[in-house]
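Trainee: Work the whole structure out from these sequences, hints included.
So the sequence lines, in the order shown, correspond to chains A and B. By the numbering used here, the letter at position 28 of the first sequence is numbered 114, and the numbering carries on one by one without gaps. By the numbering used here, the letter at position 71 of the second sequence is numbered 370, and the numbering carries on one by one without gaps.
A hint or two may mislead.
[What the hints assert, rightly or not] The list that follows gives simulated cross-link-like pairs (lysine-lysine, DSS-like), each with its CA atoms no further than 30 Å apart: (1) B/K383 x A/K219; (2) A/K125 x A/K324; (3) A/K156 x A/K125; (4) A/K156 x A/K324; (5) B/K403 x A/K324.
Derived by calculation from the structure, the hints in this document are not laboratory data.
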Amino acid sequence: MTARSVGRPGFLVYGLLTAFIVGSALPLYWSFLIGSHTKEVITRDTPPMLPGGHFLANAQRVFDSVPFWKALGNSLMVSSVAATSVVFFGTLAGYAFAKLRFRGSTPLLVFVVVTMAVPTQLGVVPLFIVMAKLGWTGSVWAAIVPTIVTAFGVFFMRQYLIDAVPDELIEAARVDGCSQFRTFVTVALPAARPAMAILWLFTFMMTWTDFFWPLIVLPAENPTVQIALNQLQSGYFKDYALVLAGTTLATIPLLVLFVATGRQFVAGIMQGAVKG
Amino acid sequence: MTGDAAPDEGAASPVATPPEPPVVRRSGARAASPWRERLSRWDVRYSPYVYISPFFLLFLVVGMFPLVYTAVVSVYDWSLIGGKGEFVGLQNYRDVLENPYFVKSAVNTVSIFVLSSGPQILIALALAGLLDNALRGATLWRMGVLLPFVVAPVAVGIIFGSLFGDRYGLINEALNWVGLPSVSWHTDRLASHLAIATMVNWRWTGYNALILLAAMQAVPRDLYDASAIDGASRFKQFTRITVPSIRPTVIFVVITSTIGGLQIFAEPRMFDSTLAQNGGSDRQFSTMTMLVYDFGWHLRDLGRASATAWLLFLLIIVIALLNYVLSRRFGALAHLTRRRR
Chain A
87 MTARSVGRPG FLVYGLLTAF IVGSALPLYW SFLIGSHTKE VITRDTPPML
137 PGGHFLANAQ RVFDSVPFWK ALGNSLMVSS VAATSVVFFG TLAGYAFAKL
187 RFRGSTPLLV FVVVTMAVPT QLGVVPLFIV MAKLGWTGSV WAAIVPTIVT
237 AFGVFFMRQY LIDAVPDELI EAARVDGCSQ FRTFVTVALP AARPAMAILW
287 LFTFMMTWTD FFWPLIVLPA ENPTVQIALN QLQSGYFKDY ALVLAGTTLA
337 TIPLLVLFVA TGRQFVAGIM QGAVKG
Chain B
300 MTGDAAPDEG AASPVATPPE PPVVRRSGAR AASPWRERLS RWDVRYSPYV
350 YISPFFLLFL VVGMFPLVYT AVVSVYDWSL IGGKGEFVGL QNYRDVLENP
400 YFVKSAVNTV SIFVLSSGPQ ILIALALAGL LDNALRGATL WRMGVLLPFV
450 VAPVAVGIIF GSLFGDRYGL INEALNWVGL PSVSWHTDRL ASHLAIATMV
500 NWRWTGYNAL ILLAAMQAVP RDLYDASAID GASRFKQFTR ITVPSIRPTV
550 IFVVITSTIG GLQIFAEPRM FDSTLAQNGG SDRQFSTMTM LVYDFGWHLR
600 DLGRASATAW LLFLLIIVIA LLNYVLSRRF GALAHLTRRR R
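Mentor: Given below as structure tokens:
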């Protein structure tokens, strides 16, 4: 499909790509490498090439130093609630923008696109004031609330649904006597499923890796994974075996998710791009 | 499907006269049908708003209100503990602008951004060009270049903080090994910016390459066939056909990386291995977002934190516009030279 008339790529292309990917993986390997040795290894003149046998011992020290299980649970909670909510509201609104005609749809859509460019991170001060007033600071709900809708979610679903659902199909459902809602559920939702999966994964990952807002509202005793890593780094700043073992542990969940769903990730990024 | 087929049809085409119900079985059905018809028309007219309003209501609360209210907080004396104080006008802005760390952080932010965005776009273009071949196992290669993207910025900052360690880092050991002197990655200002820019490049180049690749695959293939007949080399094809054709996507990538890049926070914060974590002993790699955090949650001054946030917003707008104009100019130039040949 993507073949060029020039023919199949040669060794040079594969070689350069391999070099790039090895370079990409190297820092991750370094993290595991140092994390699997004792803390003195970093002071050696030449770093080791192969992993040592101390990873589990270091991991144990991570669990002893910070509430890592709690952090994992919190991150899982925050990210999946955010992802589910973004997909839900994004699909509803995205469908309306893609397929339904209504007064004000164009300016409202422009508004959505413009706000995508506005860094919502800049609203942290008022968000914090509100959370403090409600007494939510310190709980995971404070970390969840600002993530429950994104303009990107709406735009992404709209772009997908415009092509994925033919207008004739909606028209046919209407002629058959389906109400708007029924048309949405029986015609649009099945077609939207692949994009919903991609948006879910994407939002999950973005929320999992988020740092600034959780740092503001969550205390050391009730952290997300990123906050726990931050604690590890600021508390034991010389012990890289401990810190990098923690970093490796923190990266494993997303790595597993990525290996399982990498195809969707790639498709999602490339899909969003063509039309974005 | 159900009995209300006819009224629905009428609603779909409002010009048509309201049709009679097809079969009237009971006398009650006749009375119900105008009501049903009206219901169906409402359904068509108002349900779009029902679908979009949950999003907009929530977005107003968690997205727009905070943004606007930041401006309000920024003109008050507002403490993290004591809450709202007196109205002070633009005093917070004056204080922030006069703070010696403000200019330093602004310069650092832009410097790190420039060091990361330029090389990133070029490498991403080249990488996309490599991926835009009939590769065996194309998806696996694409996943491979995306690998760093799943590593959280906090983890990236820690890992590279160790790689760029001043004393025992791998980079310095490699430099020594080839006979070069060690670099003070954490204390030297420019070196620290380079190290942080490397983190950004590492995490985002593959991601941007995939976006560019998607655009490249939409370039009509017969353009390449024609130029191949004219004897153009692959490299020439790439610079004369591919890159000009995907110009809008390049601009898109530049603008999004401007918005994201200028807000950089986790990487420089984790790169700092001192306990203060505010961008080095002399704030040599402190950024604007770090300053927002510093004002708000170290100095407990939400007024100045808000003022800093607005100034950062302004900086982002100015640089994004500048980038937009520049990349358009650049693209237009490429077009001109292409036409002339």
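Trainee: Compare the structure with each hint and give your call.
Mentor: Hints, verified against the model:
With a CA separation close to 12 Å, the supplied pair B/K383 and A/K219 stays within the 30 Å bound. Restraint check: the Cα-Cα separation between A/K125 and A/K324 comes to about 9 Å, which is no more than 30 Å; the hinted pair holds. As the CA atoms of A/K156 and A/K125 are separated by approximately 25 Å, the hinted pair is consistent with the 30 Å bound. For a cut-off of 30 Å, the pair hint linking A/K156 to A/K324 stands: about 24 Å separates their Cα positions.
Distance check on the hinted pair: B/K403 and A/K324 sit about 28 Å apart at the alpha-carbon level, within 30 Å; holds.
Violated hints: none; the structure is consistent with every hint.
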